[in-house]
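Trainee: The lines below spell out each chain.
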Amino acid sequence: MKFLIFTLLCALLVVFLNIVAPYWVVMIAVTGLAAAIRPSALGGFIGGGLGMGLAWLGQTVYIATFTSSSLPDKMGALMGLGTGTTLMLLTAVLGFLLGGCSGLLGVLGRNLLQKKPSNVYLG
Amino acid sequence: MKYLSFFLTLVLTCALGILVSLPFGQVPPLAPLLDPNHGFWQNSFSEDQLAEETLSLEQLSAPVEVVYDEQLIPHIYAQNELDLYRAQGYITAKHRLWQMEFQTLAAGGRVSEIVGPIALELDRMTRRKGLGYGAEQGIAYLKEKDPATLALVEAYSDGVNQYINQLSDARLPVEYKLLNYRPEPWSAYKSLLLLKYMSDMLVGDRDLEYSNLKKILGNAKLAKLFPEFPKENDPVIEKERVWDFTAVSVSKPDSLSYPEETLQLDPLAQPAEGAGSNNWAVSGKKTKNGHPILANDPHLGLNLPSLWYSMQLTTPTHTVKGATLPGALGVISGFNENIAWGVTNATKDTRDWYKITFQDASRKAYKYGEEWKSSTFRIEEIKVKGEETFLDTVVYTHYGPVVYDQSFKADRQDINFAMRWIVHQGTSNEQKTFMLLNKAKNHADYTEALKEYAAPAQNFVFASKTGDIAMRIQGKFPLKWKEQGKFFMDGADPRMEWQGYIPFEHNANTLNPERGFVSSANQHPTDSTYPYYVFDNSYEHYRNRRLNRKLAELNQITLEDMQALQFDSYNLQAAESLPVLINLLGSHAEGSAAAQKYLTEMKAWDFFADPAKPGQTLYSIWFAETTESVWRELMDQGAPVLRPNNYQTIELLSMSPSDSIFDVHMAEGTQTAQYHVQVGFDSLLVAMKKWEETEGTYAWADYKKTTIQHLVPNFKAFSVANVYTGGGSGILNATSGRNGASWRMVVELGPTIKAVGIYPGGQSGNPGSKFYDNFIPIWAKGAYVDFSLKKKEDQKGILFKTTLN
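Chains as they are written, first to last, in my numbering: chain A, 1 to 123; chain B, 1001 to 1805.
Next comes chain A alone, as it looks inside the complex (with noise of 0.2 Å):
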């Protein structure tokens, strides 16, 4: 359940934040994102990961049909990538690293400040 709220809420908040904020901001609020939920660390990355790389991938399908531009073929070309769908998944892959990336920082940098409770008894 986690780890489902985390990949949406991780999802739109790359899609709101990134219109105003660089991609490092935007790592930053994952990062922070995945520290106040604390999903797994497994959840944490892939979580973050989908939420970026899919908000991300989103976004390019959203632009190339509404606008029916030409450009990302041009730009894939130009790259020496082939097809504009190449650059869609190298920016859905490149969003899928950094999401990732900064989810499981989140979780890691929260756990190490989650003090061990020593007052129970473990054995």
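One should not assume that every hint holds.
Claimed, not checked - For the chain A half of the interface with chain B, some residues (derived, Cβ under 8 Å), not all of them: (1) K74; (2) M75; (3) L90; (4) L97; (5) S102; (6) L105; (7) G109.
Hints in this document: simulated from the structure, not taken from any laboratory.
Cβ atoms here follow ideal geometry from the backbone N, Cα and C, with glycine treated the same way.
With chain A held as given, fit chain B onto it using these hints.
Mentor: Relative to chain A, chain B alone:
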């Protein structure tokens, strides 16, 4: 353990975040480029998808309305000129910022800042030609003599800067994202620099080549191969024109000494061959509706974003429309409610070279007559991406900058040449000329506007609603004795100085000539009766004659007739020379099936260079190979020289086929023109065999492969290649592979002005916009878009409106 994993992840995340923000070699930073909200994806939007009802532009005295028509042509309605030009700067920057900045970087010799040491030689050359120096002089002149114009140029500059300051990452032109830099502030200096750069693009000189030819050929042969006037001279100003003034006298020194050496220098880059332009106006007596019609099509390198940007500029006192030059104020080629005007390059040798004799290695003084004159030093600081700033010391003499010297381009260390060029003088005000033309109401206003204009010299065509048509060859032309400046001169000899300038009133011009039309196509400005010495190497000999013949024979002319004439693809050179070639070929081609096929195709050709015609392809190769053969020995002298022009070559082939000029010293026996024509034909067969094997079809458009290239040639995906269109060099539709009609405009000056225009590009500078190249298919088939003047209240055909306040 958890500390370790945290710090590892922290390091990894930071490293990733930083890594994707850094460029690697030519690859720009990945994350800022791919970020869908700030990177290149945002450049996919066309302007109408981003339309805003209001935009903030400070320092306006009243709101300015901008109405875009369906072609994204902005119509700017302002209450006064300060507001108008501030808005022009803002709107131009909004659509063409990267291009205008890139062009001024090139003009200022600053390309190395963006692309690194690869451009250092280019930048040094640009600076050594003194374009920046000239623009500084221009600003100083405006400050002192014309602060009113300077205020307008500064308002334009402020408009550009306000746009730059508002610019978000998302709206940053994609070229900045790819080349990883940001725009810097615009300035009045840059606007002036841009106009100097136009001079550099359009002005050539062949002093170096002619100096060598004089040594190699001697005076008599030079005059035979390079005559000052062609046999059939059809000049800009009609031959019937009587020069009703007393010319200023020029005293030619009794004896002349020229520098003795055969010069091995690399010549300066020259304007591209085939670059040229047409303009004309026909009087009401020759038109169907009885109103004058004016046409203009400047031919330049075909680039994207296009050199031109269309606009209508309106204040309560005037409305003007046409082609603007992003970075410069007003309309450059256009029309208003009363007049229309257009420009073609008035090729004249106005750039001369003087050999400088320095007193010693310090170069602080140079010989001038009996004395030593002091020189000055200008240190050019050239920033180089990824390297230390390069400091280049340029010596300035009273003639101008010493372009070639011990540290630059000279193989011989004792050779120093100073360049004398009108562009270095700040005593002209080209910007004002265009602003006055924009408001001109009649022929007197047009003449008054041109008084301010010095360079690059242009043939200004004019037509007015009141029925006048006119042509004026305007520039600041040095007074020269015969052949002065054709060759390098000795700067130590004061007698070699220019002796002043041709007075404005004596510049060749005509008003309402009897023949009912005025025209120019880069040919000789006048016939030999003009009382001043005029010389250039690159005069046109074919487009002008075709144009004048058609204009003379046409009557009841309509706007459509003039459009068709701009797109006329009749190859007069081929019509005059192909029969000569075929005749000289004799029976040489017999026995080869391929040869017979090509010959048959050429014989069946109607001389129109239409895109589907193979005859034009075959002729162009055959003729080029023939001239190559004829002039091979002349060109192979180990020093830069020129070959005689096509007109003179054809004249020799047809009239003197047995002339000794055709004899090849390296070959046995005596050769005549026939030998070279046959060699040319054999080369054609070889070239065509290769072409057909690798490319297949050789229809003209498939062969010439007209390409409209992005200003960064490496950005091939932003270029438009293989445009299916006809025309070629020396043809009215002068569209060759990389050059052609950069702007076509036809205007009928009736009670309601009718106008059409087109250029090979689009209004947007953004390669992602649908308006980036949407004019190209229209241009390629010779069609136009409506360019009528729009009133603010016109609601038809509006794409969107924006209010600036």
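Trainee: Does each hint hold? Answer for all of them.
Mentor: Right, here's what the structure says about each hint:
no. : hint : result
1   : K74  : holds (4 Å)
2   : M75  : holds (6 Å)
3   : L90  : holds (7 Å)
4   : L97  : holds (6 Å)
5   : S102 : holds (6 Å)
6   : L105 : holds (5 Å)
7   : G109 : holds (6 Å)
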